[in-house]
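Take the given structure of chain A and dock chain B to it, following the hints.
Protein chains: 2
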Amino acid sequence: MTESEVKKSQESLQDRLAQVVELLQRQRVVEDLTHRQEGHHNDRVENLVHRQNLVELQRKLDDLHSADVAYILEALPLDDRLTVWQLVKAERDGDILLEVSDSVRETLIADMDDHELLAAAKEMDADELADLAPELPRDVVHELMETLDAQQRERVRSALSYDEDQVGALMDFEMVTIREDVSLEVVLRYLRRLKELPSHTDKLFVVDYDGKLKGVLPIKRLLVNDPDKQVAEVMASDPVSFHPDEDAYDAAQAFERYDLISAPVVDKSDRLIGRLTIDEMVDLIREESENEVLNMAGLREEEDIFASVWRSLRNRWAWLAINLITAFVASRVIGLFEGSIEKLVALAALMPIVAGIGGNSGNQTITMIVRAMALDQVSPGNTARLMRKELAVALINGLVWGGVIGVVAYLLYGSWSLGVVMTAAMTLNLLLAALMGVLIPMTLARMGRDPAMGASVMITAMTDSGGFFIFLGLATIFLL
Amino acid sequence: MTESEVKKSQESLQDRLAQVVELLQRQRVVEDLTHRQEGHHNDRVENLVHRQNLVELQRKLDDLHSADVAYILEALPLDDRLTVWQLVKAERDGDILLEVSDSVRETLIADMDDHELLAAAKEMDADELADLAPELPRDVVHELMETLDAQQRERVRSALSYDEDQVGALMDFEMVTIREDVSLEVVLRYLRRLKELPSHTDKLFVVDYDGKLKGVLPIKRLLVNDPDKQVAEVMASDPVSFHPDEDAYDAAQAFERYDLISAPVVDKSDRLIGRLTIDEMVDLIREESENEVLNMAGLREEEDIFASVWRSLRNRWAWLAINLITAFVASRVIGLFEGSIEKLVALAALMPIVAGIGGNSGNQTITMIVRAMALDQVSPGNTARLMRKELAVALINGLVWGGVIGVVAYLLYGSWSLGVVMTAAMTLNLLLAALMGVLIPMTLARMGRDPAMGASVMITAMTDSGGFFIFLGLATIFLL
Numbered sequence: 001m002t003e004s005e006v007k008k009s010q011e012s013l014q015d016r017l018a019q020v021v022e023l024l025q026r027q028r029v030v031e032d033l034t035h036r037q038e039g040h041h042n043d044r045v046e047n048l049v050h051r052q053n054l055v056e057l058q059r060k061l062d063d064l065h066s067a068d069v070a071y072i073l074e075a076l077p078l079d080d081r082l083t084v085w086q087l088v089k090a091e092r093d094g095d096i097l098l099e100v101s102d103s104v105r106e107t108l109i110a111d112m113d114d115h116e117l118l119a120a121a122k123e124m125d126a127d128e129l130a131d132l133a134p135e136l137p138r139d140v141v142h143e144l145m146e147t148l149d150a151q152q153r154e155r156v157r158s159a160l161s162y163d164e165d166q167v168g169a170l171m172d173f174e175m176v177t178i179r180e181d182v183s184l185e186v187v188l189r190y191l192r193r194l195k196e197l198p199s200h201t202d203k204l205f206v207v208d209y210d211g212k213l214k215g216v217l218p219i220k221r222l223l224v225n226d227p228d229k230q231v232a233e234v235m236a237s238d239p240v241s242f243h244p245d246e247d248a249y250d251a252a253q254a255f256e257r258y259d260l261i262s263a264p265v266v267d268k269s270d271r272l273i274g275r276l277t278i279d280e281m282v283d284l285i286r287e288e289s290e291n292e293v294l295n296m297a298g299l300r301e302e303e304d305i306f307a308s309v310w311r312s313l314r315n316r317w318a319w320l321a322i323n324l325i326t327a328f329v330a331s332r333v334i335g336l337f338e339g340s341i342e343k344l345v346a347l348a349a350l351m352p353i354v355a356g357i358g359g360n361s362g363n364q365t366i367t368m369i370v371r372a373m374a375l376d377q378v379s380p381g382n383t384a385r386l387m388r389k390e391l392a393v394a395l396i397n398g399l400v401w402g403g404v405i406g407v408v409a410y411l412l413y414g415s416w417s418l419g420v421v422m423t424a425a426m427t428l429n430l431l432l433a434a435l436m437g438v439l440i441p442m443t444l445a446r447m448g449r450d451p452a453m454g455a456s457v458m459i460t461a462m463t464d465s466g467g468f469f470i471f472l473g474l475a476t477i478f479l480l
Numbered sequence: 001m002t003e004s005e006v007k008k009s010q011e012s013l014q015d016r017l018a019q020v021v022e023l024l025q026r027q028r029v030v031e032d033l034t035h036r037q038e039g040h041h042n043d044r045v046e047n048l049v050h051r052q053n054l055v056e057l058q059r060k061l062d063d064l065h066s067a068d069v070a071y072i073l074e075a076l077p078l079d080d081r082l083t084v085w086q087l088v089k090a091e092r093d094g095d096i097l098l099e100v101s102d103s104v105r106e107t108l109i110a111d112m113d114d115h116e117l118l119a120a121a122k123e124m125d126a127d128e129l130a131d132l133a134p135e136l137p138r139d140v141v142h143e144l145m146e147t148l149d150a151q152q153r154e155r156v157r158s159a160l161s162y163d164e165d166q167v168g169a170l171m172d173f174e175m176v177t178i179r180e181d182v183s184l185e186v187v188l189r190y191l192r193r194l195k196e197l198p199s200h201t202d203k204l205f206v207v208d209y210d211g212k213l214k215g216v217l218p219i220k221r222l223l224v225n226d227p228d229k230q231v232a233e234v235m236a237s238d239p240v241s242f243h244p245d246e247d248a249y250d251a252a253q254a255f256e257r258y259d260l261i262s263a264p265v266v267d268k269s270d271r272l273i274g275r276l277t278i279d280e281m282v283d284l285i286r287e288e289s290e291n292e293v294l295n296m297a298g299l300r301e302e303e304d305i306f307a308s309v310w311r312s313l314r315n316r317w318a319w320l321a322i323n324l325i326t327a328f329v330a331s332r333v334i335g336l337f338e339g340s341i342e343k344l345v346a347l348a349a350l351m352p353i354v355a356g357i358g359g360n361s362g363n364q365t366i367t368m369i370v371r372a373m374a375l376d377q378v379s380p381g382n383t384a385r386l387m388r389k390e391l392a393v394a395l396i397n398g399l400v401w402g403g404v405i406g407v408v409a410y411l412l413y414g415s416w417s418l419g420v421v422m423t424a425a426m427t428l429n430l431l432l433a434a435l436m437g438v439l440i441p442m443t444l445a446r447m448g449r450d451p452a453m454g455a456s457v458m459i460t461a462m463t464d465s466g467g468f469f470i471f472l473g474l475a476t477i478f479l480l
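Protein chains in written order, with full-length UniProt numbering: chain A, 1 to 480; chain B, 1 to 480.
In case anyone wonders, no lab produced these hints; they're calculated from the structure.
This structure is a prediction, so every number in the text was calculated from the model and none was measured.
Glycine is no exception: its CB is placed at the ideal position from the N, C-alpha and C atoms.
Be careful, since some hints might not be right.
[Said to hold, decoys possible] Footprint (simulated), chain B over chain A, 3 or more residues, beta carbon under 8 Å:
1) 63-77
2) 323-332
3) 396-402
With the rest of the complex left out, here is chain A (with noise of 0.2 Å):
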C-alpha cells in the first residue's frame, strides 16, 4: 500500500460502508426492475444504469486500503459480499483474504474456484500461506506447494506444524540478518542494495556463519552510531528471544510488556528460524479478549454476524443444552419443595429474587478472578486471601440487600419470620456465589481448560439450584 492510500480511506470508514452498501441496494432496484420487465430471472440484461453503478462500486473499492475493503466485507451479508467480492481486482484478493476473520473468509473461498485461488496465492509469503493453507481445498494447498522452492516449502510445512497458539505458528520469515564482524558503514550500505525493507523492521538480525543468533542491531542504534563502528560493539548481545513452541500468548505479554515491535524466534540451537512482530501480537491480544468474553457467554466461536441461522444455531447449542440441563436440575430442586410452596404460595415469588441475586453477584465474582487470572495475578500464594476478600464482600452484600429485601418481603407479606429466611437465605447464597466464582475458574485452570469457558452458565446454575435449595430448605424448616 502506499501511504496516500491509507490517508484516503482513513477518512471516514463507516462513510464508505454506507456508500457502498447504498450503490449496493441501487444495483438491487435495477436488477429487479430488470426482471420484472423480463418475466424471467436468469435472463440478467446488464442495462446501462447496472453498468454505471458497477463502475462506480468498482472505483470506490479500487481506491480503498485491502483492510478497508476486508472490513467492508465482514459487514456485508453474503450476497453482498459475493457482489462485492467479484468486484475487487484480482491481484488483491490474496491481501484481503489474509485480512478478513475465519467465518468471513470461509464464504469467500467457497466463492473462488481453483484458478483464482492460486492466483491469489502465488503473492503469499510462506506465513501467509500457512495461515490460508487449511482452508483451501486440498489440491489446491497441493499444487501450490510444487510452485515453491525447497526453502520455502520446507518454511510452510513448519509453520503448519506447530498449534495455532504456539509462537512458530505466528512468526514470519522477512528477517534482514547481518553478521557480527562488519561496521555499521557496511550494513548501511547493504541495506542501500535492498529495494525494500520489511515491514515492522525496527532491528536487524546478527547471525553468525551457522545461522545462530549472535544479538540484534536496533536500528535506532545504527542510525545514532558512528559508522565506523563494528555490530559487535553497538548490538544488544542478550535480546528477548522466542522459541516456536511457546505459547503465543506469553510471548503477545512480552510485546506489551517490553514494548517490542519485532523480536527473534530462535530453535533450540538457538539458530534463527523467524520473527515475531507486534502486528500479529495486536490481533492475538484482541482475539483473546474477545474469546474471554464469548466464552463466559457460552459462545464456542466468533460469529459472523451474518452467519447463517444453521451456523448459529451449532455456535450455540453447546452451552444451551447444558444451560437446559442444569435449569431442569434447577426446576427438580424446587419439585422437592412442592409441599411446601403448596402451603406457603409467596415462597414461588420470593425465590427467583434470592436466585437471581446471587446469580449477579456470582457473576461479577467470577468475571474478576478471570480478569485476572488472564493477567496471571492469580497464585497458589494469594488464593486464601482472595477467597476471604470475596467472602467478606458477599457477606456484607448479603446481610445489607438481604436486609433490604427482607423488609420488603415483611412489608409484603406481613410475616417477620419471612423477612428472616429471606435475609439469611441471601446471605448465604451470596456466599455460595463468591466461593464458587473463585473456585470455578481455577478448577477449569487446573484442568488446564479455559478458566472463561460457560463461566457464567456454570455460576449461574450453582446460584440457581443454590439459591432456591437454601431458601426453601430454610423455609421448610422455620416457617411451616
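Chain B alone, transformed into the frame defined by chain A:
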C-alpha cells in the same frame, strides 16, 4: 532498560513472583519470631536474618525490568506490596508508577511523601506527567509545574485538557522533525548527532518553518534510498495523521488496521503537535476489551484483586442494586399469579427453566451484538436483517429445546397440555430474548452510552420477568 535486563526478566515471570513471595513470607516469619521473643510489637529488632532477607529481595528487584516490578506489585496484597515498593530504588519509582494500573498506583502514591513524589516525577516527560498528575496531591502538581520550562508546562496543560478517551490525552511529544529541502545524507548526520532516538521511531516528521506537517520519512525509506536524494523526493507526503480531539479508540483501530507503529498528531492548521505510538494503542485495545467484559458483568471499573472490601463493594453495588429492583419486579410478576401456582404447584418448579434458558440465550445474542458493534459492523442498513436472523435462531431453539423440555414436563407431571404450554412459553421467551438482545445494546448506543453497560443485568431482567409472565399467563389461560 538495557536489552540484557529484558532477557533475564523474561525467562520466567511467574517464577520471579514466586521467589519474591517466598522471600516476603520468610521475612514475615522472622518478624513474627522477633516479636514473640520481645513480647511487644513496636520495637522491631532488625536481626541478621531479617536484613539478609531484605538484601536478597532488593537484589532480585534490582535485576527486574520496571514492567516486571509493576507486575509483581499488582500481584501482591497491600502490605507485601508496600514492603516491595520501599525496596525499589528511588530512581525507578517514576517508571514503575507509569506501568502499574490506576488502582495499584493509588496505593503506591498514598505511601509516598511529597518529596519522593517530586523526585519520581522529575524524570518524566510531559505526557507522562499528564498521565500521573490527576492522582498526585495538588501541591505536588503545583510545585512540579514550577520546575518545568514554558514549553513543557504548556504540553502538560494541553495533555490534561483532553478527555481520557481523546487522542490528545495519549500522544507524546518525542518527535524527531526534519525539513524537506535537505538530503538524506544530512538527515543521517543529524540523527547521529542525537545521542538517542525516541522509542518507536519508525518515521521522522517532515515539517516546514511554521511547524506544519509536510509529510513523514519512514526510516525504512531513509535506509534504502540514495543519501544524495532530497527528503522531499522520498517522504510520504500524505500520511495517516490524527487530531488531538479524535476518539482514541478510533485511532487504535486505525493503528491496528494499517499496521502503524507511530503516527503524527496535528492541530487544525496542520501543525505537528505530538505523536501516537503503538504501545499506547495496544494498552488501549486491551483496556477497551476489558471494559467490555466488566461492563457486561455490571462492574464499574477494573478491580485490583486485592482492593479493599469497601472498594469492591462500591465497585459492585450500582448494578447489584439495579438487579435487586429487577428481581423484585420479576417477583411481583409471579405474585400476580399466586392463585394459579396454588392450584398447580408444578408451575413454580417449571417457571425458572423458561426464565433461565431465556437469560442464557439472550446473553449469547447480546454478547454477539455488542462485539459486532465494537467492530463497527452494525449499521442501520443491516439491523433488520440481523434481527430476522436472531429471531429465526430463537424460533428454532424455542421449538427444539422447548419441545424437549415440554416432553420432560409431560413425563414428570403427566399432563400433555402442561408440556405444550411449556414449549410455547420457551419459544416466546426466546423470541423476546432475541428481540431485546438486539434492541438493548442498540438503544444504549443511540443514547450515547456504552452498549455493553450492564447488558447482562438488563437482558436477564427482561427474560426473567418476561419468562414468568409468559409462562404463568399461558398456564392460567389454558390450564386452569
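Taking a Cβ-to-Cβ distance below 8 Å as contact, does the segment 323-332 of chain A have at least three residues touching chain B? Answer holds; 8 residues pass the 8 Å Cβ test.
Taking a Cβ-to-Cβ distance below 8 Å as contact, does the segment 63-77 of chain A have at least three residues touching chain B? holds (count 8)
Taking 8 Å as the C-beta cutoff, is the stated coverage of the segment 396-402 of chain A by chain B satisfied by three or more residues? n = 3 at 8 Å, threshold three: holds.
Of the numbered hints stated above, none is contradicted by the structure.
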